[in-house]
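Given only the sequences and the hints, what does the whole structure look like? Please build it.
Residue numbers (numbering that gives the first Met the number 0), protein chains in the order written: chain A, 0 to 461; chain B, 0 to 461.
Since the hints were derived computationally from the structure, they do not count as laboratory data. Check each hint, because a few of them may be wrong.
To be verified - Partner residues are not named here, just some residues of chain B that face chain A (Cβ under 8 Å, in silico):
#1 21
#2 32
#3 66
#4 395
#5 397
Claimed, not checked - Simulated pairs of lysine to any residue, SDA-like, Cα-Cα distance not exceeding 25 Å:
#6 A:2 with B:322
#7 B:353 with B:17
#8 A:143 with B:2
#9 B:2 with A:199
#10 A:332 with B:2
As the list claims (entries may be wrong) - In silico contact screen, one side only, chain B against chain A (beta carbon under 8 Å); selected entries:
#11 0
#12 44
#13 102
#14 339
#15 391
#16 409
Where is the CB? At the ideal position from N, CA and C, for every residue including glycine.
Protein chains: 2
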Amino acid sequence: MIKPRTPPGVMELLPRDQIAFQRMLDTIRRNFERFGFLPVETPVMELTEVLLTKSGGETERQVYFVESTGARANNAQEGDARGTPELALRFDLTVPLARYVAEHEAELAFPFRRYQMQRVYRGERQQRGRYREFYQCDIDVIGKDSLSVRYDAELPACIYAVFSELDIGAFTIQLNNRKLLRGFFEAQGVADGELQALVLREVDKLDKRGADYVRETLTGEGFGLSAQAVATILGFVETRSTSHADALAKLAALGEGNDSLRQGLAELREVLELIRALGVPEANYALNFSIARGLDYYTGTVYETTLNDYPQLGSICSGGRYEDLASHYTKSKLPGVGISIGLTRLFWQLQEAKLVSTADSSVQVLITQMDDAQLPQCLALASELRAGGLNTEVVMEPSKLGKQFKYADRAGIRFVVVLGENEIAKGTATVKDLRREDQFEVARGELARTLRVELEQSRVMK
Amino acid sequence: MIKPRTPPGVMELLPRDQIAFQRMLDTIRRNFERFGFLPVETPVMELTEVLLTKSGGETERQVYFVESTGARANNAQEGDARGTPELALRFDLTVPLARYVAEHEAELAFPFRRYQMQRVYRGERQQRGRYREFYQCDIDVIGKDSLSVRYDAELPACIYAVFSELDIGAFTIQLNNRKLLRGFFEAQGVADGELQALVLREVDKLDKRGADYVRETLTGEGFGLSAQAVATILGFVETRSTSHADALAKLAALGEGNDSLRQGLAELREVLELIRALGVPEANYALNFSIARGLDYYTGTVYETTLNDYPQLGSICSGGRYEDLASHYTKSKLPGVGISIGLTRLFWQLQEAKLVSTADSSVQVLITQMDDAQLPQCLALASELRAGGLNTEVVMEPSKLGKQFKYADRAGIRFVVVLGENEIAKGTATVKDLRREDQFEVARGELARTLRVELEQSRVMK
Numbered sequence: 000m001i002k003p004r005t006p007p008g009v010m011e012l013l014p015r016d017q018i019a020f021q022r023m024l025d026t027i028r029r030n031f032e033r034f035g036f037l038p039v040e041t042p043v044m045e046l047t048e049v050l051l052t053k054s055g056g057e058t059e060r061q062v063y064f065v066e067s068t069g070a071r072a073n074n075a076q077e078g079d080a081r082g083t084p085e086l087a088l089r090f091d092l093t094v095p096l097a098r099y100v101a102e103h104e105a106e107l108a109f110p111f112r113r114y115q116m117q118r119v120y121r122g123e124r125q126q127r128g129r130y131r132e133f134y135q136c137d138i139d140v141i142g143k144d145s146l147s148v149r150y151d152a153e154l155p156a157c158i159y160a161v162f163s164e165l166d167i168g169a170f171t172i173q174l175n176n177r178k179l180l181r182g183f184f185e186a187q188g189v190a191d192g193e194l195q196a197l198v199l200r201e202v203d204k205l206d207k208r209g210a211d212y213v214r215e216t217l218t219g220e221g222f223g224l225s226a227q228a229v230a231t232i233l234g235f236v237e238t239r240s241t242s243h244a245d246a247l248a249k250l251a252a253l254g255e256g257n258d259s260l261r262q263g264l265a266e267l268r269e270v271l272e273l274i275r276a277l278g279v280p281e282a283n284y285a286l287n288f289s290i291a292r293g294l295d296y297y298t299g300t301v302y303e304t305t306l307n308d309y310p311q312l313g314s315i316c317s318g319g320r321y322e323d324l325a326s327h328y329t330k331s332k333l334p335g336v337g338i339s340i341g342l343t344r345l346f347w348q349l350q351e352a353k354l355v356s357t358a359d360s361s362v363q364v365l366i367t368q369m370d371d372a373q374l375p376q377c378l379a380l381a382s383e384l385r386a387g388g389l390n391t392e393v394v395m396e397p398s399k400l401g402k403q404f405k406y407a408d409r410a411g412i413r414f415v416v417v418l419g420e421n422e423i424a425k426g427t428a429t430v431k432d433l434r435r436e437d438q439f440e441v442a443r444g445e446l447a448r449t450l451r452v453e454l455e456q457s458r459v460m461k
Numbered sequence: 000m001i002k003p004r005t006p007p008g009v010m011e012l013l014p015r016d017q018i019a020f021q022r023m024l025d026t027i028r029r030n031f032e033r034f035g036f037l038p039v040e041t042p043v044m045e046l047t048e049v050l051l052t053k054s055g056g057e058t059e060r061q062v063y064f065v066e067s068t069g070a071r072a073n074n075a076q077e078g079d080a081r082g083t084p085e086l087a088l089r090f091d092l093t094v095p096l097a098r099y100v101a102e103h104e105a106e107l108a109f110p111f112r113r114y115q116m117q118r119v120y121r122g123e124r125q126q127r128g129r130y131r132e133f134y135q136c137d138i139d140v141i142g143k144d145s146l147s148v149r150y151d152a153e154l155p156a157c158i159y160a161v162f163s164e165l166d167i168g169a170f171t172i173q174l175n176n177r178k179l180l181r182g183f184f185e186a187q188g189v190a191d192g193e194l195q196a197l198v199l200r201e202v203d204k205l206d207k208r209g210a211d212y213v214r215e216t217l218t219g220e221g222f223g224l225s226a227q228a229v230a231t232i233l234g235f236v237e238t239r240s241t242s243h244a245d246a247l248a249k250l251a252a253l254g255e256g257n258d259s260l261r262q263g264l265a266e267l268r269e270v271l272e273l274i275r276a277l278g279v280p281e282a283n284y285a286l287n288f289s290i291a292r293g294l295d296y297y298t299g300t301v302y303e304t305t306l307n308d309y310p311q312l313g314s315i316c317s318g319g320r321y322e323d324l325a326s327h328y329t330k331s332k333l334p335g336v337g338i339s340i341g342l343t344r345l346f347w348q349l350q351e352a353k354l355v356s357t358a359d360s361s362v363q364v365l366i367t368q369m370d371d372a373q374l375p376q377c378l379a380l381a382s383e384l385r386a387g388g389l390n391t392e393v394v395m396e397p398s399k400l401g402k403q404f405k406y407a408d409r410a411g412i413r414f415v416v417v418l419g420e421n422e423i424a425k426g427t428a429t430v431k432d433l434r435r436e437d438q439f440e441v442a443r444g445e446l447a448r449t450l451r452v453e454l455e456q457s458r459v460m461k
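In structure tokens, the structure reads:
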């Protein structure tokens with residue numbers, strides 16, 4: 000006998016949690032499609048040489064390699080038992096997107112708007128809330144040669160729609176711009192690109208380590224900035240806007256500055272205006288000059304999203320603008336902008352914070368059975384309800400009615416239908432609504448419609 | 000520069016094909032849920048010792064092993080470079096189901112009805128239409144200690160609902176029963192279990208190799224059956240029913256026979272009656288005594304599903320009843336019945352047979368743009384349409400209108416909306432319906448409703 004268990008670091012859910020998770024996936028997908036993003040799925044395995052274009056680094060240390068039994072045997076014969084396997088599991092959805100767009104470039108229309116919701120794999124150190132297999136839900140817009148900054152406004156609008164419908168409390172999409180950041184630092188005498196990156200990395204620690212730590216580091220030996228410059232920098236990165244007008248005022252207060260600052264300002268202004276035109280409420284977006292993100296990668300707009308009442312969860316949805324998606328695979332210049340929800344971790348966080356409740360069952364109706372003689376009628380009724388759009392389960396073997404009700408209650412099934420001799424004779428069915436603790440009898444021909452109306456009313460009233 | 004390409008043996012789709020594929024997945028899932036099956040997802044990786052409970056055999060030769068960089072380094076240090084890795088990719092959804100049910104036994108309600116739609120991995124020899132990564136869409140009902148044969152009728156009813164809605168032409172769900180098969184063979188003097196299995200395996204080749212081949216083999220040295228017995232066997236396995244009444248008559252014609260035959264007959268009769276009670280049309284199910292399937296595994300009802308006009312595709316959906324799901328993981332007896340659609344292969348077959356057409360885009364509306372000045376209005380309109388349930392894309396940079404129409408046409412977007420100066424002044428929008436080649440102007444407040452009605456009408460009329 001072998002102990003049945005999953006590998007460490009994966010999330011596996013019982014059915015009712017899986018239903019809640021699936022509803023989140025559905026909501027995300029529906030909103031991604033509302034905004035005109037097209038679905039893409041890629042294989043979980045990529046060729047190693049395609050996946051790991053840059054060797055070394057954090058990424059490669061976390062990658063999972065894949066070998067078929069045949070490949071293992073071949074390598075062993077050739078004495079190459081430790082050679083790098085040909086296949087590896089994707090560790091994000093961005094590298095597969097780059098490969099996909101480069102591979103299918105001639106067949107795609109640009110700007111290419113795609114969404115992708117699949118699992119990715121990272122050999123993370125074991126830790127609570129860190130997963131080795133987790134869902135990412137990504138949207139990206141990829142341009143050919145160029146891509147208007149206007150698209151940078153669409154992503155937050157889509158993310159606003161997603162999180163509003165997910166109904167997980169107040170949230171703020173925070174915006175910054177790397178060009179503005181760079182221009183500002185240049186003005187503070189941090190002109191060297193590499194040094195800027197290092198200062199930005201320290202600035203990125205502001206929320207986690209506090210202002211004192213960052214101040215000491217930046218005036219210390221390694222950086223040697225003046226106390227004045229550091230004070231200006233820290234004053235700057237603490238900037239948050241409280242409204243749309245305030246955001247524009249805070250941008251104006253920065254002055255014209257140098258080219259990079261000027262460009263960043265213009266981009267942020269346009270993005271803010273279009274986010275407003277898209278109808279995103281002012282309470283749901285804000286400037287935050289402390290956001291730097293992926294230092295090598297992002298070049299313009301950057302995003303983070305936080306739950307107002309749970310700042311300790313950190314960013315639940317992040318992304319930004321990049322210069323060139325697929326330079327490893329194609330000579331075409333493919334600038335883009337993207338944003339990503341790490342749903343597995345978010346689901347875990349929401350569960351921990353008790354922000355997701357146990358879902359009702361996906362089964363809406365249970366048809367009970369008291370007597371073998373009624374089974375054919377019960378099955379026929381089930382078919383009527385299913386044809387009427389209701390998810391219906393039939394008890395296939397007679398048992399005590401109390402036991403059947405108890406099962407429905409525990410399983411989260413809302414409607415229990417009794418079709419006894421009396422009901423069959425009268426052409427009716429008796430329904431117990433376990434949510435409203437209500438019981439009623441209805442003509443059989445009206446049953447499906449009646450239950451659909453009840454479900455629809457609860458949905459609307461929620 | 001690295002050539003962007005996928006590993007061999009995987010299916011990767013362009014967006015419009017992905018949309019068609021996704022619609023099939025949605026249809027299958029919707030019908031699985033209609034029949035009261037609950038969602039389960041399991042990790043793609045399982046512990047090798049859990050996954051490969053039986054060592055050797057076809058399965059292990061096809062399995063993909065997984066190793067993190069860290070695990071590879073550790074193994075190499077310990078000189079165990081060729082030891083079996085701890086993790087492997089699932090090769091079907093049945094072993095993960097067994098592990099899941101055994102692991103969560105105390106938390107599940109039995110009979111446990113689950114569906115699972117995920118990708119599985121097999122290191123298949125490279126061959127057209129054979130995939131190394133493919134979707135399986137499974138439903139199973141698992142009992143504790145026992146499970147009524149009545150459930151064996153629900154699966155074909157669900158599969159009928161799935162394939163009817165997938166709209167891929169006439170199909171027949173073919174039924175047999177392994178007990179009946181065994182009883183019949185015993186009566187023909189093939190009493191030994193192992194010999195039965197071998198005869199059944201030969202009989203299984205009937206469709207592929209023809210009657211002559213099977214006859215020669217069975218009267219030949221290895222089997223040594225009498226010509227009489229072989230004639231009876233071949234007569235038997237060629238039995239197909241043409242209607243419900245015919246199926247019952249063919250069962251009756253077999254006589255009472257021995258215990259095993261009698262039990263198989265009773266089970267098949269009950270299953271047939273309940274399939275009818277569930278409203279499955281007679282044309283969609285039939286007896287087929289030549290179906291044997293997974294010789295070690297299935298013990299009662301067995302299913303195959305064929306497209307009437309494309310018998311050469313073989314079975315597109317198969318399964319059956321098994322005695323004990325998880326004997327490797329638990330002492331509990333868990334009998335079950337299940338059926339599986341291999342969707343990746345089916346999708347490929349349907350494309351080859353030209354039975355799936357290119358899907359419309361998931362984007363339903365394109366809002367054109369002729370002038371920067373109108374962009375905020377276009378974005379506001381997009382938000383109105385999205386709130387009204389329409390998947391909407393906005394052209395973000397002005398270009399020639401003809402180019403924008405051409406894009407919509409190629410992308411399969413049905414409605415193109417023009418919101419020019421005139422329309423804005425009048426509070427209207429001009430719509431071109433590319434499917435109906437029709438153009439109309441409508442008050443802006445009515446636009447979402449009007450387009451929804453058009454889409455709904457096309458859906459109903461289809």
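Hints violated by the structure (listed by number, smallest first): 5, 9 and 14
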